[in-house]
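Student: Sequence lines, in order, name chains A and B.
So the first sequence is numbered by our numbering: it starts at 1 and just counts up by one.
So the second sequence is numbered by our numbering: it starts at 1 and just counts up by one.
The reader is advised that the hints may include incorrect statements.
Here are some, though not all, of the chain B residues that point toward chain A, as calculated from beta-carbon distances under 10 Å [said to hold, decoys possible]: (1) 6; (2) 337; (3) 340.
Restricting the straight-line Cα-Cα distance to at most 35 Å, the calculated cross-link-like pairs of lysine-lysine (DSBU-like) are [claimed, not checked]: (4) B:521 - A:144; (5) B:223 - A:58; (6) B:553 - B:530; (7) B:500 - B:524; (8) A:86 - B:249; (9) B:249 - B:320; (10) A:58 - B:249; (11) A:119 - B:556; (12) A:156 - B:2; (13) B:223 - B:303; (14) B:540 - A:119; (15) B:461 - A:176; (16) A:58 - B:320; (17) A:170 - B:521.
Coverage of chain A stretches by chain B, computed from C-beta distances (three or more under 8 Å per stretch; other residues unrestricted) [claimed, not checked]: (18) 55-64; (19) 103-113.
By construction, these hints were calculated from the structure, which means they are not laboratory data.
From the three backbone atoms N, C-alpha and C, an ideal C-beta is built for every residue, glycine too.
Spelled out from the first residue to the last, the chains are:
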Amino acid sequence: MKDNLSIMIVGVGGQGTLLASRILGAAIIKSDLDVKVSEVHGMSQRGGSVVTYVKGAKTVNSPIINEGEADVILAFEQLEAARWLKYLKPDGHIITNIQTIDPMPVITGTTEYPTEIIKKIEDKGVSIQTVDALSLARESGSEKVVNVVLIGAMAKKTDIPLNVWEEALKSTVPAKFLDINLTAFSKGYNL
Amino acid sequence: MKELMLGNQAVARGIYEAGCKVVSSYPGTPSTEITEFAAQYEEVYAEWAPNEKVAAEVAIGAGIQGARSLCAMKHVGLNVAADPVYTASYTGVNGGVVIAVADDPGMHSSQNEQDSRHHAIASKIPMLEPSDSAECLEFTKLAFELSEKFDTPVMLRLTTRVAHSRSLCELSEREERELVPYEKNPAKFVMMPAMAIKRHVFVEDRMARAAEWGNTAEINFIKNNKKAEFGVITSGISYQYAREALGDKASFLKLGMVNPLPTKLICDFIDRFEKVYVIEELDGIIESFCRANYKGNTKIIGKDLFSPLGELSQSIIADKILYNTPASVELDETLPSRPPVLCAGCPHRGLFYTLKKLKLTVSGDIGCYTLGALAPLSSLDSCICMGASVSALHGMEKARGEEFAKRSVAVIGDSTFMHSGITGIINTAYNGGNTTTIVLDNSITGMTGHQQNPTTGKTLKGKDAPQVNIVKLAEAVGYNPENIAICDPYDLAQTEATIKAQLEKDGPSLVISQRPCALLKTVKHAPALKVDSDKCIGCKMCMRIGCPAISMKDGKAVIDSTQCVGCGVCQQMCKVGAL
Numbered sequence: 001m002k003d004n005l006s007i008m009i010v011g012v013g014g015q016g017t018l019l020a021s022r023i024l025g026a027a028i029i030k031s032d033l034d035v036k037v038s039e040v041h042g043m044s045q046r047g048g049s050v051v052t053y054v055k056g057a058k059t060v061n062s063p064i065i066n067e068g069e070a071d072v073i074l075a076f077e078q079l080e081a082a083r084w085l086k087y088l089k090p091d092g093h094i095i096t097n098i099q100t101i102d103p104m105p106v107i108t109g110t111t112e113y114p115t116e117i118i119k120k121i122e123d124k125g126v127s128i129q130t131v132d133a134l135s136l137a138r139e140s141g142s143e144k145v146v147n148v149v150l151i152g153a154m155a156k157k158t159d160i161p162l163n164v165w166e167e168a169l170k171s172t173v174p175a176k177f178l179d180i181n182l183t184a185f186s187k188g189y190n191l
Numbered sequence: 001m002k003e004l005m006l007g008n009q010a011v012a013r014g015i016y017e018a019g020c021k022v023v024s025s026y027p028g029t030p031s032t033e034i035t036e037f038a039a040q041y042e043e044v045y046a047e048w049a050p051n052e053k054v055a056a057e058v059a060i061g062a063g064i065q066g067a068r069s070l071c072a073m074k075h076v077g078l079n080v081a082a083d084p085v086y087t088a089s090y091t092g093v094n095g096g097v098v099i100a101v102a103d104d105p106g107m108h109s110s111q112n113e114q115d116s117r118h119h120a121i122a123s124k125i126p127m128l129e130p131s132d133s134a135e136c137l138e139f140t141k142l143a144f145e146l147s148e149k150f151d152t153p154v155m156l157r158l159t160t161r162v163a164h165s166r167s168l169c170e171l172s173e174r175e176e177r178e179l180v181p182y183e184k185n186p187a188k189f190v191m192m193p194a195m196a197i198k199r200h201v202f203v204e205d206r207m208a209r210a211a212e213w214g215n216t217a218e219i220n221f222i223k224n225n226k227k228a229e230f231g232v233i234t235s236g237i238s239y240q241y242a243r244e245a246l247g248d249k250a251s252f253l254k255l256g257m258v259n260p261l262p263t264k265l266i267c268d269f270i271d272r273f274e275k276v277y278v279i280e281e282l283d284g285i286i287e288s289f290c291r292a293n294y295k296g297n298t299k300i301i302g303k304d305l306f307s308p309l310g311e312l313s314q315s316i317i318a319d320k321i322l323y324n325t326p327a328s329v330e331l332d333e334t335l336p337s338r339p340p341v342l343c344a345g346c347p348h349r350g351l352f353y354t355l356k357k358l359k360l361t362v363s364g365d366i367g368c369y370t371l372g373a374l375a376p377l378s379s380l381d382s383c384i385c386m387g388a389s390v391s392a393l394h395g396m397e398k399a400r401g402e403e404f405a406k407r408s409v410a411v412i413g414d415s416t417f418m419h420s421g422i423t424g425i426i427n428t429a430y431n432g433g434n435t436t437t438i439v440l441d442n443s444i445t446g447m448t449g450h451q452q453n454p455t456t457g458k459t460l461k462g463k464d465a466p467q468v469n470i471v472k473l474a475e476a477v478g479y480n481p482e483n484i485a486i487c488d489p490y491d492l493a494q495t496e497a498t499i500k501a502q503l504e505k506d507g508p509s510l511v512i513s514q515r516p517c518a519l520l521k522t523v524k525h526a527p528a529l530k531v532d533s534d535k536c537i538g539c540k541m542c543m544r545i546g547c548p549a550i551s552m553k554d555g556k557a558v559i560d561s562t563q564c565v566g567c568g569v570c571q572q573m574c575k576v577g578a579l
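When you get a sec, could you build the whole thing from the sequences and use the hints?
Tutor: Following this line, the structure appears as structure tokens:
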């Protein structure tokens, strides 16, 4: 892979972004690069907007990614893709799940969920790919593997070899769920 | 062997490798995983104490008897533990004692943004500050060595970005250690005036020696760059941000020990440059030290450029020093915020809905249920610190009178009640209070990610333990047994009736709102509910409980089957039987 990669995984607390970042971190480490992964724990995990930063390079100093610095944003939810867009490098790439989850201000009716998010991002000249990760997860056998479908879709965009990803999955996912996760990964990877 | 480790996990590895024997902590973000990972090592005894004061005393006691011991907490936990810690500074140690404290700049999960370095200075205790996981491991081991070398507890300060990021660590074997022999020594360990006066002399001398050590210590190092245009003095995560932002434009003095600070090292470094930036999150502690001790002509720049609020980042530093901002794109509209919410099926939801419906004043506390302050439940009137709900409500009653007590409640979680709510109900009973306390018993410490506590029947290491009986406890401190009731917050009618009845009672009363956290693996969920869209009239009654699984689509309620756990609270809200 290229020797400098900054990836953000964004979503809603409870969607499994943490595990996704661990799989990604494990894959980069197997590529013999320095790695830092920054996570969110505690209150903001409870259904809030969550972000995980994963950085690989010869030497990584800061564990976080700032505005205009991400090569790839992997979004688990459309509004979160829009929210974190400004963190993308102008020539970066977004992969987003098409799922939408209403935030509480929308549920309580004080504001509305934005319309046509994908189109608005495309109109800004940003490279964006959509994934129906929930359907693919169901096809894989569980709604819980949405995160691994998305990691699969993102994996295709890196030049980390497939076997490295599979090794990374084996080292991060419990053995009894490995098969279903490998299926989910390949569904994302083969899109 | 190199391993990708969370900062907190690396501290735990340091605990293991240093031959530490006893760990006692109270969970608190961002420190919790230190103790959880430490508990995974068979060789390390690790426990959850009911609060940080108890935990610190356990660690201090283990240290007196010659074991290396550690106590971990979040920044506000150090306030609770301050009493024993400040005096342990005087007694010093026998086996090494380390106090790991995790600050939360930016308040990702905290009620304030205090800077723990002030505690290190005030208590006259050396403090180390790692900047990544490798240093977390190395500094933890060094902290034990310094504790024994200088006869002092040592603080290890982390911040959220260090505690909760993963980076590579080099692992070593554990070094088993014999207990340091204990000899009775009241002049050192019995702190009463005659002895403490002498120990204070020792403390002042010790800190002078530690500061001198810091002038040549490897953890306080200089990274020179030939092209450097200015100097930077920094520590912890700010060092990583500054390196990334400034690269070879600066030479760096990176301080691994942030208390006491090394005067000569710092002043000599400053003197080499025309301009030195002091880059530190929160308060300008290193900067103030520089200004107080450096007498030369170099311009020192710190908090006049960098805010004491929140976190720093490579962008902030690049922007402030190099006027360099990367290009980025964003949408042209304001996006809805996504604040944290109570989970689908959270037992606190039904309770807070009831409190709002009854229009009660609610004295709040620290935990997941602090989220009851947010719309649409909007229940809490106040939230100060662990345990304050009960005692603050007592104060409110004494200010406003008995009638007020019939229109107000305190809410406190099971773990928080163990932490410091018990003393509150003792005070209420003892001083003739009439307030109603509601213990939100969800059978776990929730917000920090499911830790056992004295009410759950399990220890940190998974052993069975006696369960505190909250009913008997309340009776024992003076609550009338008739003033103690239990309700199920999934049953709105019963919950409302129970609270109303207790509010009317003479004397103090207690309600235990009992239902396990919906995220517990042991909790069996009911099937997800479905909306009968023919019956749904779009009245939005079900939306009043603020459940993240319910939304409106085309004028009808819709339930997200991936989130709904079938708790049935929304069914009780629906007047037309559409759920």
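Student: For each hint, tell me whether it holds in the structure or not.
Tutor: Against the structure, the hints come out as follows:
1. 6: 7 Å, holds
2. 337: 6 Å, holds
3. 340: Holds, about 4 Å.
4. B:521 - A:144: Within the cut-off at roughly 14 Å; holds.
5. B:223 - A:58: 18 Å, holds
6. B:553 - B:530: Holds. Residue 553 of chain B to residue 530 of chain B sits at ~14 Å (cutoff 35 Å).
7. B:500 - B:524: 30 Å, holds
8. A:86 - B:249: Given that 35 Å is the threshold and the Cα spacing comes to 27 Å, the pair holds.
9. B:249 - B:320: Holds, because 14 Å separates the two Cα atoms, which is no more than 35 Å.
10. A:58 - B:249: 19 Å, holds
11. A:119 - B:556: With a Cα-Cα distance of about 26 Å, the restraint between residue 119 of chain A and residue 556 of chain B holds, given a limit of 35 Å.
12. A:156 - B:2: Roughly 27 Å between the alpha carbons, so the hint for residue 156 of chain A and residue 2 of chain B holds.
13. B:223 - B:303: OK: residue 223 of chain B and residue 303 of chain B at ~23 Å, within 35 Å.
14. B:540 - A:119: 30 Å, holds
15. B:461 - A:176: 24 Å, holds
16. A:58 - B:320: 26 Å, holds
17. A:170 - B:521: Judged against 35 Å, a Cα distance of about 23 Å means the pair holds.
18. 55-64: Answer holds; 5 residues pass the 8 Å Cβ test.
19. 103-113: Per the Cβ count (11), the hint holds.
This entry satisfies every hint, going by the numbered hints stated previously.
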